[in-house]
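A.B. asks: All chains, please: the whole structure from these sequences, using the hints.
Read top to bottom, the protein sequences are chains A and B. Mapping of the first sequence onto the working numbering: position 210 corresponds to residue 210, and the numbering continues sequentially without gaps. Just add 1000 to wherever you are in the second sequence, counting from 1, and you've got the working numbering.
Since the hints were derived computationally from the structure, they do not count as laboratory data. All of these numbers come straight from a predicted model, not from anything done at the bench. Keep in mind that a hint or two might mislead.
So the derived list for chain A, only partly shown, Cβ under 7 angstroms to chain B, looks like this [as the list claims (entries may be wrong)]: (1) F131; (2) S134; (3) L135; (4) P136; (5) I139; (6) S143; (7) L145; (8) L231; (9) L233; (10) Q236; (11) T254; (12) A264; (13) L272; (14) S275.
Don't be surprised by glycine CBs; every beta carbon is placed ideally from N, CA and C.
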Amino acid sequence: MPEAPLPVAAAPPRTRRPGPPPLVVFGFCWLALMLAVALLADLISPYAYTALDLRNRLSPPIGFGGTWLHPLGTDELGRDVLARLIYSIRTSLLIAFGATIIGAVVGTTLGFLAAHFRGLVEQAVLALVDFSASLPFLILALSVLAFFGNSMVLLVCLLGLHAWERYARIARGLALSAGAQGYAAAVRQLGASPWRLYGRHVLPNIASTLIVSMTLAFPEIILLESGLSFLGLGVQPPETSLGSMVGYGREYLTRAPWILLAPAVTIVLTTLSVSLIGDWLRDRLDPTLR
Amino acid sequence: MLRFLLGRIGRAALTIAMVVTFAFVVLRLSGDPAQIIMGADAPPEAVDAFRTAWGLDQPVWVQYFHYFGAILSGDLGRSMRDGRDALVLVTERIPATLALTLPALLIKIGLGIPAGIYAALHRNSLADRIVMVVAVAGFTVPSFVLGLLLVLVFAVQLGWLPSGGQEGWRHAILPVITLGLGGAAVLARFTRSAMLEVLGQPYIRTASAKGVPWRAVVTRHALPNAAIPTVTIIGFMVGSLIAGAVVVESVFSWPGVGRLLVVAVANRDLAVVQCILLLVATTMVCANLVVDLLYGLLDPRLRSAPRRAGA
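C.D. replies: Next up, the structure:
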């Protein structure tokens, strides 16, 4: 390549889009860190999350008179806040991932069923959508927990029902408009089964919109789970989650605020990161917004 | 117009019927309702009397209609903690909750909507960026964290305000701010995107191209159209006036409906939970009905169309 100045026409303007803004990069980094912590919890945790250190109860974190023995301090029973934080991140992320996937699968399936069968099935799905819209999700979740008691599986399934109606609406709307387009009709004419039509042809075409909805639902589920656990009605001891740590730390708000602040900051940064990524993805991917 | 009205009212009634059905099914699935509602240590003759009173010795379909009838006549069972009528127990708590949620609603609307409109009209300005950062933060900071931080600063460190309880208006300040700020952030974000969408429409360009002053374009053309999606979310906020403060009431030990619900769930006091569930659903459905009717006023096109096909 000669160093001589090139004519303008020879250097076509690069149409590459600019990279993600710094806040989104931060979001990806933080999320990667959280995933690493969740996956490697057993390796990196300094102590077991239930281990007691009765000689160092309520010891403050480093920078506030604490020692490297317990970098983020300890709680009333001398349990290491960092270790509990690590396991809480794992629990909260696991629940949020499971619930997000359940919601997306259930909602999308019902949306496709409505679009495929129309008629009575569609009316039933729409009535269910109305039903979920008529109850604030927290109230619904609390009632189900009251009726059935609490277990981890129930909690994940319950949170999975959050936002299913959004996926159902999107999947139904987009499947209906896809059905009116040439490709779906062509595949059907070629004799493809409904499974193949929706799974191999319609789904990939609407996947970006669904992924954006998942990114937007994920932080909401983290907030719901931490809210329920904060109230003492979500994740039950000895298991620990970010919300239940805050709920526990609340008792020591004046004497040991670090018990509460560490998980609170983690919740905020995690939901913030996923929200930023979700907004950015929506602007970039979602064809319905262009 | 009458058809539109009747259709909407019918849909609302159907939704409430579904919530009642849901409560019925869940109650039946979770075990013997007589035993659960009366409590494990209730005398057998009381349980039998309850069975007969609620028709639990009858086939499921008959039971279902009996259940429906009992709920329509306002018989929602008794709290298993003190044997008081669940409906009375819940309605007693409503004023305390409204004392928090009504002022909070005013903050949400008074702060959120103007901020959203201003941000949209000055897109990409410094003010817009500040509003958006605050709005995203307001969405991502859970209300219990915000509430506890406010307690830490204003009650523990500065000692200006009480940290909890319900003795006077000073006790309501922190919970109202906690509720109001979070909602204002959501509303600002929503209003902003609704405004931006409207401002990009061809009729706005037409109006300004034909020389309508910008102020008039905004007030006469943009705001009424942007109001439609915003009214939806305000309707949701009005609908959750009774139950929208579950977490915040718990943070501030405020004796409202939300606190009652949490205690009832922890004690599995099913009659009270069921009563709150039905009350909240009814409020929500009524609020949604009003929103639907407002749509009809705001957007004449929706009066005839039964339901939009898309998402």
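A.B. asks: Give a verdict on every hint.
C.D. replies: Structure-based check of all given hints:
1. F131: Because about 5 angstroms separates F131(A) from the closest Cβ in chain B, which is inside the 7 angstroms limit, the hint holds.
2. S134: It holds, given that the least Cβ distance between S134(A) and chain B is near 5 angstroms, below 7 angstroms.
3. L135: With a minimum Cβ separation of about 5 angstroms from chain B (threshold 7 angstroms), the hint on L135(A) holds.
4. P136: holds, 5 angstroms
5. I139: With a minimum Cβ separation of about 5 angstroms from chain B (threshold 7 angstroms), the hint on I139(A) holds.
6. S143: With Cβ-Cβ at 5 angstroms, under 7 angstroms, it holds.
7. L145: holds, 6 angstroms
8. L231: holds, 5 angstroms
9. L233: With a closest approach of 6 angstroms, the L233(A) hint holds.
10. Q236: violated, 11 angstroms
11. T254: With a minimum Cβ separation of about 5 angstroms from chain B (threshold 7 angstroms), the hint on T254(A) holds.
12. A264: Nearest chain B Cβ about 4 angstroms off; hint holds.
13. L272: Result: holds, 4 angstroms to nearest chain B Cβ.
14. S275: This interface hint holds because 6 angstroms falls under the 7 angstroms limit.
The structure shown violates just one earlier hint, number 10.
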